[in-house]
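K.L.:
The residues making up each chain are set out below.
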Amino acid sequence: MASVILRNLTKTFDGAARPALRELSLEVRDGELLVLLGPSGCGKTTALRCIAGLDEATEGEIHIGERDVTRLPPAERDVAMVFQNYALYPHLTVRENIAFALEVRRVPRKEILRRVSEAAQRLGLAELLERRPAQLSGGQRQRVALGRAIVRAPQAFLFDEPLSNLEAPLRSELRSEILKLHRALGATMIYVTHDQVEAMTMGQRIAVLYEGRLRQVGTPAEVYARPADVFVARFVGSPGMNVLHGRGRPVEEGGSVIECGSLTVPVALEHYEGEIELGVRPEHVTLSPPEKGLGSAEILIVEPHGPETLVHLDAGGQTLVARLPGLLEVRVGDRVGVKLDKRHFHFFDASGARLA
Amino acid sequence: MTKAGERFALGLVLLAALATVLPFLYMLATALTGQWEAFRYPPALIRGRAHFENFPAALTALPFDRFFLNSAIVATCVVVGQLFTSAMAAYAFARLRFPGRDRLFLGFLSVLLVPALVLLVPRFLIVNALGWVDTYAGLISTELVSVWGIFLLRQFFRTIPRELEDAARLDGAGEWTIFRRVVLPLSKPALATLAVLSFVDQWKSFLWPLVIARSTEMQVVEVGLANLHGLYYANWPYQMAAAVTATVPLLLLYLVAQRYFIRGIQMTGVT
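Chains A and B, in that order, are what the protein sequence lines are.
Count the first sequence with our numbering and you get residues 16 to 371, in order.
Count the second sequence with our numbering and you get residues 374 to 644, in order.
Misleading hints may appear alongside valid ones.
Chain B is nowhere near these chain A residues, computed Cβ spacing over 10 Å in every case [as the list claims (entries may be wrong)]:
1) Thr25
2) Phe28
3) Ala90
4) Ala95
5) Asn100
6) His106
7) Ala116
8) Glu145
9) Arg228
10) Pro265
11) Val280
12) Gly348
13) Asp356
Some but not every residue of chain A turned toward chain B, in silico, with C-beta under 7 Å [claimed, not checked]:
14) Phe115
15) Val119
16) Arg120
17) Tyr225
What the hints contain is simulated information worked out from the structure, not anything from laboratory work.
Here the structure is a predicted model, which means the values were calculated and not measured.
We put the beta carbon where it would ideally sit given N, CA and C, even for glycine.
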């Protein structure tokens, strides 16, 4: 196992106006599971393919362990990749699929047999070894792809949205399977996903990418509790953070208020003037009778989930979501008061960057 | 489509099928007719007893066993050669990255527009200069590369998911291993299609063997049939008996490999 270090990694595809990846610097520690999170087109897959050597970096360096692998072909980088579409060889059996890399590298036959059956055992594939990929379910196929990766004992594992093609129950099953592998092998893993739930539950650290740039790196708790900018705030969390656009003005009694839509929010910022983005998570929004609270809002949508209810509100043109415990007796079109928990405010400047 | 429309279409197809099959039936009928009955008017498909003796008589009038052997040798060598060259070139055009690749491919494709007749004389001059007239080398060499075959396989290779190639690269495979162990095994249907169609093409080939093969021992079946026509121009049953025999290998091939013929048409829009 080894660390993976990216330095100013930039990738511009031929004929593209903008780089797909801009000056990405990131260190994945030895044995760490790092999640690259972002919406589609943010550059996360590009980053992964550059690390694998399937795409060549336009600028910057990639180090795996002690080696600079920036210009090495994929075969010499000693990394394994699990693809979204499994990418199993359809003409080979499960056994041959898992053994392929070892055969190509001329590992002795006996050793191949031993390692393939060990990997199959670990992933519960022993019964399926003589089948072909077409005879397997999606979950089984992805297990075979995992087997193909672990059998090589590579320096690092790369996962490219490996669970996106699976149904929800299978997804959580394989999620814990991958976590188990990570613990058992102590392997360095880089895991690409657009699913922030996957990122939160799997990553030891999360790197959030957007428009080819790294926005924030941190533990799931850090990224959730202190998002670095408006994009991260909105993207992480389900639903994401409410970000209200407002104007601050100082008040005579000291401090300031921010006026966003129909809400007037007193904040502890000293004499803040001008445009500002106020962030507050749905769980820190509560409802009150219309005349109380920071202002009134109209209920747009009610989503009962059982243990909680999501209420979408329109506060004078600004939409926000409240996450409230249990099932609620509210109706679409009702006017209610809105309360925000000021201990959990996040402030961003007009460009979206976090203030303090 | 409406019921009536369907019936009309079916009728049209049946008519076309009949028009295709009729000459073959007539050929077969004539091959089994006595020499003079063949000229009876009006012509009929069934005319008295079947004259099976026409077959041995026609096939020994000229050394047809040798012709069949020659056709088989030439067709087999050409099939193997075309599979090899087409697969390699198609892989390069489909998967490798090099400057001018697509323009070069268009250049290759444009050769399809040149009638074979135009190339006959230059080909002959080259083969003659090499001293290969009246040899297998002369019959085979200029047929070893098929632009159509390259086109067919390139189209097929492009449908193989790129992720398989990526996975193989990460597994440590080089270009040759990817080609031989991933792309070729996955392309069996396309390779079979090419093999079948190129075999048929060679079996039917007439003009080039006519030009290159001088001695009787080097003749192929198609040219043999033409020679038989020269010798027995009034004996239609003999000629048809030989022609029927020449068709049998193709008929068998078609029965066995029908789906590859169809696939070839689907994949390229060319027969």
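K.L.:
Against each hint, give a clear statement of whether it holds in the structure.
P.N.:
Comparing the hints with the structure gives:
1. With a least beta-carbon separation of about 20 Å from chain B, Thr25/A lies farther than 10 Å from that chain, consistent with its non-interface assignment.
2. Listed as a non-interface residue, Phe28/A keeps its Cβ farther than 10 Å from every Cβ of chain B; the least gap is roughly 13 Å.
3. The beta carbon of Ala90/A sits about 4 Å from the closest Cβ of chain B, which is not more than 10 Å, so the claim that it is off the interface is violated.
4. The claim that Ala95/A lies off the interface is violated: its Cβ sits roughly 6 Å from the closest Cβ of chain B, which falls inside the 10 Å cut-off.
5. Against chain B, the non-interface label of Asn100/A is violated: not every CB pair exceeds 10 Å, the least being about 6 Å.
6. His106/A, annotated as away from the interface, has a beta carbon of chain B within 10 Å; the closest lies near 4 Å.
7. Consistency note on Ala116/A: stated as away from chain B, yet its beta-carbon is not over 10 Å from all of that chain's, at 4 Å minimum.
8. Its beta-carbon lying about 17 Å from the closest one in chain B, Glu145/A satisfies the requirement of being farther than 10 Å from that chain.
9. For Arg228/A, the non-interface assignment is confirmed: its Cβ lies about 25 Å from the closest Cβ of chain B, beyond the 10 Å cut-off.
10. Annotated as non-interface, Pro265/A keeps its C-beta farther than 10 Å from every C-beta of chain B; the closest such distance is 58 Å.
11. Distance check on Val280/A: its Cβ is at least 50 Å (rounded) from any Cβ of chain B, clearing the 10 Å threshold; non-interface status holds.
12. Distance to chain B confirms Gly348/A as a non-interface residue, since its nearest Cβ pair spans about 50 Å, more than 10 Å.
13. Every CB of chain B lies more than 10 Å from the CB of Asp356/A, the least distance being 47 Å, so the non-interface label holds.
14. For Phe115/A, the interface hint holds, since its Cβ comes within 7 Å of a Cβ in chain B; the closest pair sits about 5 Å apart.
15. A least Cβ separation of about 5 Å between Val119/A and chain B falls short of the 7 Å threshold, and the interface hint therefore holds.
16. Checking Arg120/A against chain B by beta carbon gives a least distance of about 5 Å; that is within 7 Å, so the hint holds.
17. Residue-level restraint check for Tyr225/A is violated (minimum Cβ-Cβ distance to chain B is 25 Å; threshold 7 Å).
Checked against the numbered hints above, the structure violates hints 3, 4, 5, 6, 7 and 17; every other hint is satisfied.
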